[in-house]
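Student: One letter stands for each residue in the lines below.
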Amino acid sequence: GQQVMQIPQYQHVQEGEDFTTYCNSSTTLSNIQWYKQRPGGHPVFLIQLVKSGEVKKQKRLTFQFGEAKKNSSLHITATQTTDVGTYFCAGDNMRFGAGTRLTVKP
Amino acid sequence: GAVVSQHPSWVICKSGTSVKIECRSLDFQATTMFWYRQFPKQSLMLMATSNEGSKATYEQGVEKDKFLINHASLTLSTLTVTSAHPEDSSFYICSARGGGQGRGYSPLHFGNGTRLTVT
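Each protein sequence line maps, in turn, to chains A and B.
Everything in the first sequence is counted per our numbering, starting at 1 for the first residue and increasing by one.
Everything in the second sequence is counted per our numbering, starting at 1001 for the first residue and increasing by one.
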């Protein structure tokens, strides 16, 4: 079945530094969704990408969907302590990537 | 809007007993519900997908006779862990999705999860 691979597994940054997590699929996706799970919380939907090459922004977060619709990325500019959490991508069948756990040092 | 209520939030049971977990969509009709299992600091492992009124589709390696899923209405799905054993101890979390809206899929709305401990 369709699987999504996500890297890195962990990322520790200094506050103010940028952060990127990548998601790759072995098959073409019709859409990809991104979620954030805060420590002790449940995943919360961030965004969905549908179109080839699509780029969407949410304040300091930039989401991209590759031209071949097989990969995606989430980039956070100038991280803040409130960005701490695990970021997951999910493909069509709602199987989640391994997630990237982001910690931010103040 | 789009609230999913999961109950109980935590449960401790003895080995060999069964535990039922409920997942309700409070303000929307959930055409599809997903059940996940999450180990500490790990990803969400999809266990099964259920559509209202039909049998759940289980992921490979998930025992359907052990993890009984019922999606009897558009607002309620239940997961019953039968004859629980200590290795079933985990965090179980449900999510619900409404009907599709245009291109792509509606986002998943997650419950708060159930921490199951089997002694």
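If you are wondering where the hints come from, they were derived from the structure by calculation, not from laboratory data.
Here the structure is a predicted model, which means the values were calculated and not measured.
It is possible that some hints are incorrect.
[What the hints assert, rightly or not] To give an idea of the interface, some chain B residues facing chain A are shown, with a C-beta separation under 7 Å as derived from the structure:
no.: 1; residue: Leu1046
no.: 2; residue: Phe1091
no.: 3; residue: Pro1107
no.: 4; residue: Asn1112
no.: 5; residue: Gly1113
[What the hints assert, rightly or not] 20 Å max Cα-Cα, derived PhoX-like pairs, lysine-lysine:
no.: 6; chain 1: B; residue 1: Lys1055; chain 2: B; residue 2: Lys1041
no.: 7; chain 1: A; residue 1: Lys56; chain 2: A; residue 2: Lys70
no.: 8; chain 1: B; residue 1: Lys1064; chain 2: A; residue 2: Lys36
no.: 9; chain 1: B; residue 1: Lys1055; chain 2: A; residue 2: Lys105
no.: 10; chain 1: A; residue 1: Lys51; chain 2: A; residue 2: Lys105
no.: 11; chain 1: B; residue 1: Lys1064; chain 2: B; residue 2: Lys1020
Glycine included, each C-beta is placed from N, C-alpha and C at the ideal position.
Student: Run every hint past the structure and note whether it holds.
Tutor: Each hint, compared with the structure:
The beta carbon of Leu1046 (chain B) comes within 5 Å of a beta carbon in chain A, closer than 7 Å, and the hint placing it at the interface holds. With a cut of 7 Å, the hint placing Phe1091 (chain B) at the interface with chain A is violated, because the nearest CB-to-CB distance is about 10 Å. Interface restraint check: Pro1107 (chain B) against chain A, minimum CB-CB distance 4 Å, threshold 7 Å, status holds. Annotation: Asn1112 (chain B) was flagged as interfacial toward chain A, and the flag holds, the nearest CB pair being 5 Å apart, inside 7 Å.
Interface hint status for Gly1113 (chain B): upheld, as the beta-carbon distance to the closest one in chain A is roughly 6 Å, under 7 Å. For the proposed pair Lys1055 (chain B) and Lys1041 (chain B), the alpha carbon gap of about 31 Å is over 20 Å, so the pair is violated. Between the alpha carbons of Lys56 (chain A) and Lys70 (chain A) the distance comes to roughly 17 Å, so the proposed pair stays at or under 20 Å and holds. For the suggested pair Lys1064 (chain B) and Lys36 (chain A), the alpha carbons sit about 29 Å apart, so the restraint of at most 20 Å is broken.
Among the hinted pairs, Lys1055 (chain B) with Lys105 (chain A) is inconsistent with the structure: their alpha-carbon atoms are about 47 Å apart, more than 20 Å. For the given pair, Lys51 (chain A) sits about 35 Å from Lys105 (chain A) by alpha-carbon distance, which is inconsistent with the 20 Å threshold. Pair hint Lys1064 (chain B) plus Lys1020 (chain B) holds up; C-alpha atoms about 14 Å apart against a cutoff of 20 Å.
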